[in-house]
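*Asks:* Following the hints, complete the assembly by docking chain E onto the known chain A.
For the protein sequence lines, the chains are A and E, in the order given. The first sequence begins at 1 in this note's numbering and counts up by one. The second sequence begins at 1001 in this note's numbering and counts up by one.
Watch out, some of these pointers could steer you wrong.
[Unchecked claim] One-sided and incomplete, this derived list gives chain A residues near chain E with beta-carbon spacing under 10 Å:
no.	residue
1	Asn6
2	Ala8
3	Glu11
4	Phe16
5	Asn17
6	Pro18
7	Ala19
8	Thr20
9	Gly21
10	Ser23
[Stated by the list, open to error] Restraint ranges, calculated between C-beta atoms of paired labels, are given here:
no.	chain 1	residue 1	chain 2	residue 2	range
11	E	Ala1254	A	Lys38	21 to 27 Å
12	E	Arg1010	A	Tyr54	46 to 52 Å
13	A	Glu45	E	Lys1165	54 to 60 Å
14	A	Lys5	E	Arg1010	54 to 60 Å
15	A	Asp74	E	Glu1179	30 to 36 Å
16	E	Val1182	A	Met1	34 to 40 Å
17	A	Asn6	E	Gly1201	44 to 50 Å
18	A	Asn49	E	Val1182	46 to 52 Å
19	E	Ala1246	A	Asn27	23 to 29 Å
20	E	Ser1211	A	Tyr54	36 to 42 Å
21	E	Thr1264	A	Lys53	34 to 40 Å
22	E	Arg1037	A	Glu45	49 to 55 Å
[Unchecked claim] Sample of chain E residues with no beta-carbon within 10 Å of chain A, all distances over it, derived:
no.	residue
23	Ile1248
24	Val1250
25	Lys1283
I should point out that these hints are in silico values taken from the structure, not numbers from a laboratory. Here a beta-carbon is modelled for each residue, glycine too, at the ideal position from N, C-alpha and C.
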Amino acid sequence: MKLKKNIATSESGFIFNPATGDSYSANPVGSDIILLMKDNKSIAEIKKNITSKYDVDDSQFDKDYDDLLAQLRDNNLLEH
Amino acid sequence: MKDKNKKGDRPRYTVAVTGLNAIDSPGPGMAVIRAVREAKDYDVRIIGLSYEALEPGIYLHDWVDKTYQIPYPAAGSESLFARLEYINDIEKIDVLIPNFDAELHNFIRLGEKLRKIGIATFLPAMDQFEARDKVNLYAFGQKHGLLVPADRIIYKVEDLAGTAKDFGWPIVVKGKFYEAVVAQTLEQAQKAFHKLHAKWGLPIIVQQFISGSEMNIAVLGDGKGNTISAIPMRKLYITDKGKAWAGITVEDNALIDLAKKFITATKWRGGLEIEIMLSVDGKPYIMEVNPRFPAWIYLTAGAGQNQPAALVKMALGETVEPYTTYDVGKMFIRYAWDHIVNIEEFQKISAFGEL
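Isolated chain A, as found in the complex:
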């Protein structure tokens, strides 16, 4: 899954969709994941990065990652 190319993100977790004018705030974990997605990292690379940085196991990561993707999809922030 890829973020739309024009989506603007910042390290503070601010996400801006220039096509709609909508903006969102992500928590630190969400923000890190989104920045890694923006860098075109694979899901394996993202998982490795997040599980080493935060106290979270693989299954919890998978669940949270799926939740985040669902939210991004619902808000039309992912490529179709």
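*Replies:* Just chain E, lined up with the frame of chain A:
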């Protein structure tokens, strides 16, 4: 380019502007003035043209150098011309930018006479102006392949029920010049009909309701079919009168293409605002076309396409190249401000019609 009144290296133009009512449902005048004052290659002296003594712009002397009251549109174009002749004898106006829907008819009619006394305008032709009128918009959309919600022009409150039956609830009940009410029931629709009838007269326009997100585009056409600027904006904060109190520029090529299609079809001369409803399935419906700059027009200057400043140059016969880029994510947040005024100033504008 005129070189009269040169100040430094830049020419200085006298620009007259209406719409000084910077209130909760603001006229575009102050935003136009602010943008024109930021023009890079000329200076301006601003002449305000007001209708009422309490229009805030009259008293904002840092922005408006001198204000004259002008007759209401209902007084007719001859009465307006006589007043403008008097003002022009004193001020030598180079460009006049009217900003109210209701006054445009008179200013368009006077275009040639104004030009003969040295006042340039940059307005659409009367047929262009009429084609985008609420009353004709659906037919206009059909003709040019633009999506416009179905509508019906009605003169009697009894016609509401049948129209709603055809369109399905809710319906949008719109005044001839301004205001629209989304009515969920016949009772609400009847109430809206009577209110808008009393305020703006007949006919009343009943429009099919389109659900979606509202976008607005400020557009400037050169009168030859070229789009000089098109800036799409999404309202972020809307007042109870439906006016944007905050907004943000967005990047949407489909909206810009729509604006260009409109300008190509009409060869529109001057500024306009296209109100769009992006339906849930992403189709852009034109809800309304306002034949003048919107009150949020200063955002175009903030985003890098100063439409009022470009309009002044085109009115004076200069060629302006179409803008190609603008800042996406540029926001405006409007604010209200209590301006303190001495009674003597109010007396002057009230008694003499000048300040």
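*Asks:* Check the non-interface label on Ile1248(E): least C-beta distance to chain A beyond 10 Å or not.
*Replies:* 4 Å, violated
*Asks:* Confirm or reject the claim that Asn6(A) and Gly1201(E) have a C-beta distance inside 44 to 50 Å.
*Replies:* 45 Å, holds
*Asks:* Regarding the hint that Thr20(A) lies at the interface with chain E, is the smallest CB-CB distance below 10 Å?
*Replies:* 6 Å, holds
*Asks:* Do the numbers back the hint for Pro18(A), that is, is its least Cβ distance to chain E under 10 Å?
*Replies:* 4 Å, holds
*Asks:* Okay, Thr1264(E) versus Lys53(A) on CB: inside 34 to 40 Å?
*Replies:* 53 Å, violated
*Asks:* Evaluate the given range 46 to 52 Å for the C-beta pair formed by Arg1010(E) and Tyr54(A).
*Replies:* 59 Å, violated
*Asks:* Under 10 Å, Cβ to Cβ, is where Phe16(A) needs to be relative to chain E, so tell me if that hint holds or is violated.
*Replies:* 6 Å, holds
*Asks:* Taking 34 to 40 Å as the hint, is the beta-carbon distance of Val1182(E) and Met1(A) inside that range?
*Replies:* Once the Cβ atoms are compared, 37 Å apart, the range 34 to 40 Å for Met1(A) and Val1182(E) holds.
*Asks:* Could one say that the CB atoms of Lys5(A) and Arg1010(E) fall in the range 54 to 60 Å?
*Replies:* About 41 Å separates the Cβ atoms of Lys5(A) and Arg1010(E), which means 54 to 60 Å is violated.
*Asks:* Taking the Cβ atom of Arg1037(E) and the Cβ atom of Glu45(A), is their distance within the range 49 to 55 Å?
*Replies:* Taking Cβ atoms as reference, Arg1037(E) and Glu45(A) lie about 52 Å apart, which means the hint holds.
*Asks:* Report holds or violated for the interface hint on Asn17(A), using the least CB-CB distance to chain E and a cut-off of 10 Å.
*Replies:* Hint holds; Asn17(A) Cβ to chain E Cβ min 8 Å, cut 10 Å.
*Asks:* At 10 Å, judged by beta carbons, does Lys1283(E) keep clear of chain A as stated?
*Replies:* Lys1283(E) clear of chain A: closest Cβ-Cβ about 15 Å, beyond 10 Å.
When each numbered hint is compared with the structure, violations occur for hints 3, 12, 14, 21, 23 and 24.
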